[in-house]
Structure formats: C-alpha cells, structure tokens
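Participant: Spelled out from the first residue to the last, the chains are:
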Amino acid sequence: MKNHLCEEDIALVVAELQLRNKAQKHLDDCLSCRQKVREMKDLFAQRREQQLIGAPDWAQQKQCILDRLEPQPLEVIRPRMLQKNRWLPSMIALAASLLIVAGIGIIRFGGDPTQTIATTELTLEEILAETESLLNDDSIPGLWVADPVSNIDDIESLFGNGAS
Amino acid sequence: MQASSPLALGAKTAQNYSAMDDFDLLEKCKYGDHDAFGALVKRHQKRMWLICRQYLGPEEADEACQESFIKAYTNISKFDGRASFTTWLTRININTCLDLLRSRKREGLRITSADVSSPDIMNLIPDDRTTPDQLVEEQQAVTRLKELEKALPARQKEIFRLRFYADMDLDQIATCLGVHIGTVKTQLHRAVHRLRAEMGELR
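Top line first, the protein sequences correspond to chains A and B. Counting in the numbering used here, the first sequence runs from 1 upward without gaps. Counting in the numbering used here, the second sequence runs from 1001 upward without gaps.
Among these hints, one or two may not hold up.
For each label pair, taking beta carbons as the anchor points, the in silico distance ranges come out as [claimed, not checked]:
1. B:A1151 x A:Q46: 16 to 22 Å
2. A:R38 x B:Y1031: 47 to 53 Å
3. A:R38 x B:Q1140: 15 to 21 Å
4. A:R68 x B:S1018: 21 to 27 Å
5. A:E70 x B:N1016: 22 to 28 Å
6. A:L66 x B:L1098: 23 to 29 Å
No lab work stands behind these hints, which were simulated from the structure alone. We put the CB at the ideal spot given by N, CA and C, even for glycine.
Taking the hints into account, I'd like the entire structure generated from these sequences.
Facilitator: If you want it as structure tokens, here you go:
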C-alpha cells in the first residue's frame, strides 16, 4: 500500500478499532500517518485531563458514602429463603387463611362430635354371652386339645396317624 | 510476643482488602462489612465520577456518584455475578445520571416548556462547565475540540465521551447502554471521523 491512510482509516486507528491488514502494515511503516494518529490521540488525552478539573477529594467522598450507608443492607437481614422465593410469604398467608376457614367450617357445620362414635346393634350382655360360649367350646378350629392318655403306648397308631 | 496495635491492625485489614478482588469484597459487603465496601468505593470512585461528569458536569457529578454507590450497596444482594461488578455499577451509575437528567428536564418543562424542543434527554447533557479563566488557559486545539464535541449527535457524543474520557471499553459501553457492540463501534468511528474532519477544516 503506497498511498497514505485515508481519513476514515485514521479515525479507525484513533478510535482503536480494527484496521485492514494492508492499512495496518502501511501504518507500521509510515511515520507521517503515525504522526497524524498521535496528534489526534494527544488532543484527546489533553481533553481527558481537563475532565478531572472539579474532581472531589476522593478520600472525603468515600467517607461521605460510608457515612450515608445503612448499618446493614436490608436484603441481607431478610432470611435467605424469603429472598429466593418472593411468593413464599403470600403462599404461607394463603395456606394459613385456608386452615382457619376449614377449622371454622368444621366447628360450625360439622354437627355433634359425639354422634360420630360407632354404634352397635348388640347389647353388652349379648356380646359377653357370645364370648363365653366361644370360650367354652373346645371345637374351635386349630385349638384341638390332644388327649395325652389314649393310644399313647400304641406306636403304630401314632405312625398311622401321620406323626413323624 | 507483642500484640498488634489497633492502628496497625486496621492498616493490615485495609491492605488485605486492597488485595481482594471485587467478588470477594462483595461477599463481605453482603454481610454488612462497610470496610469491604469502602475498598470497592476507593477502587471505582474515580471512574464512576468521570462517567457522572460526562452526563451532568462537575458540580452534580459528586452527588450522583455518591448516590450510585449507595444504590449499589442497598441492592447488593441482587447482584448475581452474571456481569462484572464494574459493569453492574456503571449501569447503576448511568441510570442515576439519566434519572437526574429526566428530573432536570421535567423541572425545565415546568418553568419554560417552550425552551425544550427535543424530547431526547441526551441533549440535556452539558457541553462543559469549566470557568472562563480555565478556558483562557486551555490550548487552542483543545478548545476547538470541546466546541466540536457539542455539535456531535447525542448518541455519538455519549459513546465518544464514555470511551475517551471515562475509560470504558467497547463491551462495557454496549452492555451499559443496551446497544449492540457494532453500534458502539460505528458511532465511535463516526464521532472521531467527524471531529477529525472538522478539526482539519479549522486548522
């Protein structure tokens, strides 16, 4: 590239944007183009220095900021669970309300609680009699009482009976 | 074994904080450590002030800068670490400045509604606020540049100033202004090209 950089390219370099390879190569070799870039950059740098006119005392500013801070950020004081789920408090309140309503409903419209005790058609005497008869009956399945005396000496009868 | 004096201990702590990165300091800030936040302020205050200055001028920049840091502290638990702390803080900073410009515009409208013709609040960014004495001392070329900056379109002026005077990189500008990085590059290039062309005409 023999020609000098065009104004567009100079602006690209000053703005620190990417330059085409050929243009970059020319810039590396050309003192005149580099001078143009440097002049513009120096101008911006001087202007930049002016920006600090009227700057505050940094230490004082820092102290002012720290003095204005709350003792602790509010968000940190709140439990982490509440921070993560912002619907949680509302849901807890809703669940509590539903429980209260359900409780009131049971108390008011649930009727006499003594009515809920199970009733039976048999009287107590009948139940006791039935139990007594069951206990007196030896023929309850699985509860045969073996006669220890009869056929005990007869080994064949024992085997014949299926005993091992 | 000698016990450390409170002064020496304080200096040691400050030294420790200055060695920590932003994320570690933020973790401490979340539990109310003001010294850690002080270290963050010290690290970022100059640049944040320079950004405020580009929008508001030196008189109001200090207040806006302080306000930005306080907003950052009170919302510190909302920082999720997706962007860097610098970007997050810069965003807060720019929003604070824009809020101030909006309120300034509202006040202006209330007083003289006819004076404000453009709805773009970026046009309310002051051009500069140096005193006449300082102006005299300035070099001629710098004065020219300052004048030419005034004539730049609002977005170009904003991007140009954030890049060159507030030391923000292109990615940060794009993120903080919510524009594509290509837009930032284009606007910056146009601004520099225009300034250079007009400086050349004046020479």
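Participant: Does each hint fit the structure? Answer for all of them.
Facilitator: Each hint, compared with the structure:
| no. | hint | result |
| --- | --- | --- |
| 1 | B:A1151 x A:Q46: 16 to 22 Å | holds (19 Å) |
| 2 | A:R38 x B:Y1031: 47 to 53 Å | holds (49 Å) |
| 3 | A:R38 x B:Q1140: 15 to 21 Å | holds (18 Å) |
| 4 | A:R68 x B:S1018: 21 to 27 Å | holds (22 Å) |
| 5 | A:E70 x B:N1016: 22 to 28 Å | holds (24 Å) |
| 6 | A:L66 x B:L1098: 23 to 29 Å | holds (25 Å) |
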